[in-house]
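Asks: Residue-level listing of the chains:
4 protein chains.
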Amino acid sequence: MIKVSIIGASGYSGIYLIYALSLRPDVFISSITSQTYSGKKLSEVFPQFKKTCSKNNLISELKFSSFSADTVAESSDAIFFCLPHNESSKLMPDILEKNAKIKIIDVGADFRFDSMETYEEFYGKHNAPALNPKFIYGLSDIFSEKIKDSQFVANPGCYPTGALLPILPLIFKGAADAAFPVIIDSLSGISGAGRGVKLQNLFCEVENSVKAYDVWSHRHLPEIKEKLETAFLNSPGASYNDMPDILFTPHVIPVSRGILTTIYMKLNNGVSRENITGIYKEFYGGSPFVSILDNIEDCNIKNVVYSNNCHIAFETEKKQNKGTVKIVSAIDNLGKGASLQAIQNMNLMFGLEPDCGIPAYSPFP
Amino acid sequence: MIKVSIIGASGYSGIYLIYALSLRPDVFISSITSQTYSGKKLSEVFPQFKKTCSKNNLISELKFSSFSADTVAESSDAIFFCLPHNESSKLMPDILEKNAKIKIIDVGADFRFDSMETYEEFYGKHNAPALNPKFIYGLSDIFSEKIKDSQFVANPGCYPTGALLPILPLIFKGAADAAFPVIIDSLSGISGAGRGVKLQNLFCEVENSVKAYDVWSHRHLPEIKEKLETAFLNSPGASYNDMPDILFTPHVIPVSRGILTTIYMKLNNGVSRENITGIYKEFYGGSPFVSILDNIEDCNIKNVVYSNNCHIAFETEKKQNKGTVKIVSAIDNLGKGASLQAIQNMNLMFGLEPDCGIPAYSPFP
Amino acid sequence: MIKVSIIGASGYSGIYLIYALSLRPDVFISSITSQTYSGKKLSEVFPQFKKTCSKNNLISELKFSSFSADTVAESSDAIFFCLPHNESSKLMPDILEKNAKIKIIDVGADFRFDSMETYEEFYGKHNAPALNPKFIYGLSDIFSEKIKDSQFVANPGCYPTGALLPILPLIFKGAADAAFPVIIDSLSGISGAGRGVKLQNLFCEVENSVKAYDVWSHRHLPEIKEKLETAFLNSPGASYNDMPDILFTPHVIPVSRGILTTIYMKLNNGVSRENITGIYKEFYGGSPFVSILDNIEDCNIKNVVYSNNCHIAFETEKKQNKGTVKIVSAIDNLGKGASLQAIQNMNLMFGLEPDCGIPAYSPFP
Amino acid sequence: MIKVSIIGASGYSGIYLIYALSLRPDVFISSITSQTYSGKKLSEVFPQFKKTCSKNNLISELKFSSFSADTVAESSDAIFFCLPHNESSKLMPDILEKNAKIKIIDVGADFRFDSMETYEEFYGKHNAPALNPKFIYGLSDIFSEKIKDSQFVANPGCYPTGALLPILPLIFKGAADAAFPVIIDSLSGISGAGRGVKLQNLFCEVENSVKAYDVWSHRHLPEIKEKLETAFLNSPGASYNDMPDILFTPHVIPVSRGILTTIYMKLNNGVSRENITGIYKEFYGGSPFVSILDNIEDCNIKNVVYSNNCHIAFETEKKQNKGTVKIVSAIDNLGKGASLQAIQNMNLMFGLEPDCGIPAYSPFP
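Line by line, the protein sequences give chains A, B, C and D. Residues 47 to 411 in the working numbering are what the first sequence spells out, letter by letter. Residues 47 to 411 in the working numbering are what the second sequence spells out, letter by letter. Residues 47 to 411 in the working numbering are what the third sequence spells out, letter by letter. Residues 47 to 411 in the working numbering are what the fourth sequence spells out, letter by letter.
If you're looking for bench data, these hints aren't it; they were derived computationally from the structure. Keep in mind that the hints are not guaranteed to be accurate.
[Claimed, not checked] In silico contact screen, one side only, chain D against chain A (beta carbon under 10 angstroms); selected entries:
| id | residue |
| --- | --- |
| 1 | D231 |
| 2 | V252 |
| 3 | W262 |
| 4 | R265 |
| 5 | H297 |
| 6 | K348 |
Just so you know, even glycine gets a beta-carbon here, dropped at the ideal spot from N, CA and C.
Just need the whole structure built from these sequences, with the hints factored in.
Replies: Here it is in structure tokens:
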């Protein structure tokens, strides 16, 4: 039985962690913390948890508590942090002092970057730089080997997950023509903005609309860039100067969940449709969650929401053979893009099968 | 291992049955039939099934076949029928001849009525009247005892499920003042209309709108009425003439899934809020799926979709004490209102716990 | 040229007033006030007003100001108040002192009640009880004659508009059986909750859901009741004791605009379908906005949004002839239910045609 | 009084033409044709037209007729064609024989191309090639001068309108670096697929989802390309070989109306943010409908639906100054992208102000 705590459990990713973990016979949720709802029963705030259908997790009786390093350190084998940035890094050192072996999955941004400099440019002063090198970037379907051996995992951002899963393999294999930018155009459901109460997230402002935002400055751009650069430097024949420029444009669309990412890349001479298929097969042939679809229209949000799946489809230009490829990927921003990938990481860290207790299908419609 | 077949598996309830059953380690889906998609792989038509995360059900390899009584009879311990009315009753006799012990759960309407006369008035000539008396009405949370001993279960309609779960206990206990009608005002998601291609179900016709339909003639009214009448006749001090009139008004709202039902009833003199609480406790105190909520606003569609739960909340008038009660219930029309209740019935028929392998929470948002 | 001011112009009804009034060649918007946005250009806050297509209203240059009784009194022939309750009644006396002839249309609740007692029970202490008797209840399609002669009009609430237009004529004519309650079940778009920033109005909380609220206590119930009672007392052969009970249940549905109201009434012996048609014809035969539709499914929100129309359809029970009728009405809560009815009232108060400059069609889809 | 006929009036663009034209005092709708609904009253099929609020157009009495060249030719000063491709070109010659002066606005694709070869590659054999050279491409805010003198206007496609309005000025002025592709990523509401009854347009398939389609083969790509190439060849210092590659990816999003287009372009050395502002000012400074917004988040669908506006916003990269610009445009696909631009063209062809009788604001929310 794996005992887990979820810190910051009342946001959308925390709730979804509770949902997915409570159904498992091999996981015991020992504590869930929330500043806002401390002392309240989970089912009082989120009535979908009114009934318990789990033998080991009396979900209907679970209560939010306020954070205590002692309680969490004593009662947990693993912790999930679902906090605003610069919060988890404040709390971790204290917990680790009390329980040096506790496994940590940080769903937030604090430990996603190799470069402390980049982190601080976009997120401000880091609270635990010494801990940073211990963390593995938890893009589970690519870095599973490293994650298995790790005590500390930084769960990727939602947009980076949707972008890196299709792009990273092509960069690793040196398929991209560095003279052209890689363009990442992403469409996200509103839950990506969290449960914070803001005018721009009101139903009447969001419904029947769509917009782009933070088109040059979104914090997920440096995260995507760093991971692609590292891959690029390890690809055949690469030099730093050749790294393709990365453009990223996030949009919000009127759905609760899901991210669709449309990617434009120029391929190196001689890289064919078959080569790409081959690369994806090499990377994802054995993956329980990443699928390559034949038809781009099938690669939509509806087919992946409420699952940990990532669907990828691509088409190269046939007529003029100018070497451009369009790739589309679809994930659930709260599933593969947050809580379910976090559980996949937990599975790996505890030596379990990656898909243990994780929904792999969308319950469409 | 329970071997099951799903007949008419490509509609919304069939697909959701596949989804929910394939995740179980104790169920093997031996065949899924579809006239439209016969010969095609499930994952080709419904790409959410591209990956398999089940050890025993290779869902990504599953294929639709055309119906064959031989195959189904041989390969199944239980059959789920998800067909238009008057279709399952055509196929059953032949199957039963080949396999007399096969268990049947009919998600369609053919065997929901005690009265053949009522059935034929609303659905036309019945194809297997001799089979009808063998069927138990599968409102699982009320009739679980009878279902346990039965080989044949008629799964209730979606609207009747949302209406009967809150009303039946009050009628059984003689709480309703028969001089006043029971008014049932229901709001349903569009999936209730099925996957048929009709102008009125196009996105642009449905989105941003809401309407009532079949306000005096919906086929679920006689189903609701028959079950309430039977209950009424078994209630303390009832006579047929006293049966309250039942009014039912269905509406469609722009959501994919879910039914919210608002009910207006006049209570008999002396029936208090506490009495109603007591009645519900008696009926649903041990139920794994039916909850009574304190707050009517919590009783919404979002809190039950993708689950087998039924949420009920009610408020009596405080000021004038005229004895009227408003009751609201929320279910997922494809979950509790169709496929998940069907699985709950299967569980009961096979001597399993009712909640075995059934999601009891909604993954909100 | 009618000079108008809009007080509280940055909410949904204020914005829609600006939208509709600015397109008129015979109206000049002399001031729009907003505490929140004072000093800002309208088009900066609401970019849909970036261009002007009106000769007389330079809408793209219009600015929000803070409220000044002097400015408003001097610069306006008519004022629209779009404020929270108990606010307009605070400001009016001062304005009237400075401009005794100014016409006032209050879109808020302050002057909707004949009975000060009822008002204060539901809204708290009234700020200008002396002004109250001067106000006419602005249900334009019923009370147009009184409105024409009035300087002061209290615009009805959105739910009351959707309920009273279909019910009032039947009560006036004594068609309702007083032994049975009139049940009003309403479904409203979220804009009815205003532009206030609350958790419950976030997209992710509203989308894919529906719920009832304030089922016994909504403030629009006493408004509906008072108007029906007055009508009842003026109907043939009525006595106060006979007044049917009125039940009202509001729900929110995931659309931005629109209200669908489903009404259940018991008719007096001998009142036929034809009688009802006749009554509606008498009341609305000449109305530019109220239509009686043959088909209840056509009476939906989509067909009336962005218009000042009210669609009504009804069906009596055919089989058992128990005298119950179901009536459905559809309006735009911000159009007929607020801003466009307010303009209809302005038209009447200035001796214009009621439909002058008011959109009578919905631009479906 | 301009007498108009609308051929193929029962689709979404036909209906919106009726809506917008019927409100005008200077336009008389003499006939509306529909194969499907011939003989039926408009208000029977589209109940939003139940009332007439127009003095000259008795909209509530208008009837669909089947097409007759005689009737149309006799009774009309102008014709709007809203037909599937290759249909209007079949009907036109006959009409023109009967009325050589009739003005024609073709909302369909038949006459949008200069190159008959390109047209036939994408749409099949053309039915009236001799007529093609007489048509002006009706991108009204750019080509108004030519449109004024023309009898024949080919109304642009919806995607091309959203793409060309922001891009064309920059190409005309030689601002684009031809070594890099122009990437056009568009998100369209479902009404763009028309009122045809297809599985993929059902509410349950569209809601809560988003997908890309026809990513290399959409028919609007050659339309966009031809117009950009013509502009490019007329730009300073251009040669054909230098033409930037054009990539276009359409997506469908779960809204009824609206197109958001995100464009990526590399600017020539030395082209600054100020230059772009200057170019747009030159092209659209006097436009009644095209606005340049400061804030990209304001450039959303909600702010333009139900109007003829096009909103444009752009941001250049600040940090690295690599010369890439992101431009976003928003239009209503049925407004500026179809029916309202068609009316703007009619206005120009009849010597009226371009914005005569055209809504320039969105009635948000």
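Asks: All hints, please: hold or fail.
Replies: Structure-based check of all given hints:
1. D231: 5 angstroms, holds
2. V252: 8 angstroms, holds
3. W262: Hint holds; W262 of chain D Cβ to chain A Cβ min 6 angstroms, cut 10 angstroms.
4. R265: 15 angstroms, violated
5. H297: With Cβ-Cβ at 7 angstroms, under 10 angstroms, it holds.
6. K348: 4 angstroms, holds
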